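Colleague: Here the protein sequences come in this chain order: D and G. Take the first sequence: its letter number 84 is residue 84 in UniProt numbering, and every next letter is one higher. Take the second sequence: its letter number 119 is residue 119 in UniProt numbering, and every next letter is one higher.
Hints were generated in silico from the structure; no laboratory data involved. Take the hints with a grain of salt, since some may be wrong.
For chains that are exact copies, the list does not tell them apart, and a pair is met inside one copy or across any two.
What the hints assert, rightly or not - Keeping only pairs whose Cα atoms sit at most 30 Å apart, straight-line, the calculated DSS-like set for lysine-lysine is: (1) K101 with K157; (2) K101 with K28; (3) K28 with K125; (4) K101 with K125; (5) K78 with K28; (6) K188 with K157; (7) K9 with K101; (8) K14 with K157; (9) K157 with K13; (10) K14 with K188; (11) K13 with K188; (12) K157 with K78; (13) K157 with K28; (14) K9 with K157.
As the structure is a prediction and not an experimental result, all values here were calculated from the model.
2 protein chains.
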Amino acid sequence: MCEPKGISKSEEKKAYILQQAYELFVEKGFYAVTMSDIVERCEISRGGLYRYYTSTEQLFRELIRRGGEADQADFGVKMEQGVPFADILEGFLEMQHDELKQIGSSLTQAAYEFFLAHREAEDRKLLRDRHGDAGQLLSGLIRYGIERGEVAAIAEKQAAAAAEHLLVCLEGLRILALAADLDEHFFKTQLEFAAYALTGGTQP
Amino acid sequence: MCEPKGISKSEEKKAYILQQAYELFVEKGFYAVTMSDIVERCEISRGGLYRYYTSTEQLFRELIRRGGEADQADFGVKMEQGVPFADILEGFLEMQHDELKQIGSSLTQAAYEFFLAHREAEDRKLLRDRHGDAGQLLSGLIRYGIERGEVAAIAEKQAAAAAEHLLVCLEGLRILALAADLDEHFFKTQLEFAAYALTGGTQP
């Protein structure tokens with residue numbers, strides 16, 4: 001019934017190029033990476049790269065888009081499996097904590113460089129869409145918690161605001177993790193604090 | 001008894017240079033501003049500038065430090081005057097909302113550029129200190145609210161975490177205001193949400 005989707009040679013090649021570009025952006029940030037760096041890292045010809053991607057901007061946008069899709073898939077599967085809300089939330093916060101601890105090995109620095117400098121409508125829309133998707137994902141999780149009786153019933157509008165609130169906190173924690181050396185305890189406390197706001201509870 | 005402090009000619013000159021540099025950083029961000037731009041804007045000689053400041057980094061750090069002192073003074077005066085906690089908080093949030101709406105005319109973009117690129121211990125310490133000062137200021141305000149009976153009594157540790165939480169949210173809202181075009185309503189809702197967390201209340 002459910003056969004694995006065939007992955008074409010060209011999709012495989014794109015995935016390979018994206019992975020190499022990802023590693024370069026993590027290492028050097030957005031600005032310092034050139035198309036020549038990517039050619040060299042991929043060990044392909046210039047034409048071989050340009051057939052798929054013509055600029056570092058295009059590559060970066062594609063990485064941002066694919067990152068969003070991966071997040072979405074993970075959440076959906078757990079809810080379908082009936083995993084308790086509290087466990088999904090805990091797993092999500094642990095993942096966020098791990099990401100904050102290893103922020104230097106993520107795309108975050110490059111993403112801030114990219115989005116602070118690229119003020120074109122297309123990029124603002126990309127970021128807004130990503131933000132909107134993440135918000136819908138989290139408010140979906142809150143509604144799932146309400147349905148399971150694990151979260152106090154709150155109005156739909158509040159579920160959306162609570163989800164946005166967590167996203168705003170995560171954004172703040174990321175920029176602080178990158179720019180200031182705050183200790184692990186700080187991030188743990190703040191993630192817990194944000195989780196309480198998410199679930200409609202009072203402070204821990 | 002309380003004579004106004006004399007402001008020396010050299011302090012006056014420094015304040016003038018800082019104001020001009022501030023305007024340039026707001027207009028162009030951190031990277032695009034050179035010492036020559038500042039000489040030109042101030043209409044002084046190169047020697048006249050270098051007598052006080054030898055790099056754009058030094059100027060920027062000084063602006064960040066002075067910005068923090070100005071915040072502190074404002075809060076303290078209101079608490080001494082016995083202004084109700086709710087009014088101080090509302091004023092603070094309105095100011096934050098105004099700053100978010102006009103984020104393009106603030107030092108914020110330049111500050112992110114500066115702190116994301118300057119990873120030296122000195123700059124991380126400067127940002128950590130600024131963050132710590134702001135946290136103490138806000139937890140002082142929460143304690144003031146508790147003393148006046150306007151805020152439910154919470155443990156000292158929680159006051160600090162609640163203050164940090166608001167700072168983290170503000171940081172997140174700033175980066176989103178700069179990088180994505182989110183509407184005014186979004187910022188208003190999120191500031192209200194954050195305020196409830198600050199005062200130990202549940203969601204609005």
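Colleague: Are the CA atoms of K28 and K125 at most 30 Å apart within a copy, between copies, both, or neither?
Modeller: For K28 and K125, both the intra-copy (25 Å) and inter-copy (23 Å) Cα distances are at most 30 Å.
Colleague: At most 30 Å between alpha carbons: which applies to K9 and K101, within, between, both or neither?
Modeller: neither (36 Å within a copy, 48 Å between copies)
Colleague: Can you tell me if K14 and K157 fall within 30 Å by alpha carbon in one copy, between copies, both or neither?
Modeller: neither (40 Å within a copy, 50 Å between copies)
Colleague: Reference check for the pair K14 and K188, CA-CA at most 30 Å: within, between, both, or neither?
Modeller: For K14 and K188, neither the intra-copy (37 Å) nor the inter-copy (42 Å) Cα distance is at most 30 Å.
Colleague: If the cut is 30 Å between Cα atoms, do K157 and K78 qualify within a copy, between copies, both or neither?
Modeller: within (24 Å within a copy, 35 Å between copies)
Colleague: My question is about K78 and K28: at a cut-off of 30 Å on alpha-carbon distance, are they close within one copy, between copies, both, or neither?
Modeller: Neither, since 34 Å and 46 Å both go past 30 Å.
Colleague: Is it within, between, both or neither when you check K101 against K125 at 30 Å Cα-Cα?
Modeller: Both, since 29 Å and 18 Å are each at most 30 Å.
Colleague: Classify it for me, K157 with K28: is the Cα-Cα distance of at most 30 Å met within a copy, between copies, both or neither?
Modeller: neither (40 Å within a copy, 39 Å between copies)
Colleague: Checking K188 and K157: alpha-carbon separation at most 30 Å within a copy, between copies, both or neither?
Modeller: Both: 27 Å inside a copy, 14 Å across copies.
Colleague: How do K13 and K188 come out at 30 Å by Cα distance, when the copy is not named: within, between, both, or neither?
Modeller: neither (39 Å within a copy, 45 Å between copies)
Colleague: Given identical chains, is K101 near K157, meaning Cα to Cα at most 30 Å, within a copy, between copies, both, or neither?
Modeller: Classified as between: cross-chain Cα gap 23 Å, same-chain 32 Å, threshold 30 Å.
Colleague: Quick one: K9 to K157, C-alpha cut-off 30 Å, is that within a copy, between copies, both, or neither?
Modeller: Cα proximity of K9 and K157: none, with 45 Å in one copy and 57 Å across.
Checked against the numbered hints given earlier, this structure breaks hints 5, 7, 8, 9, 10, 11, 13, 14; the rest are met.
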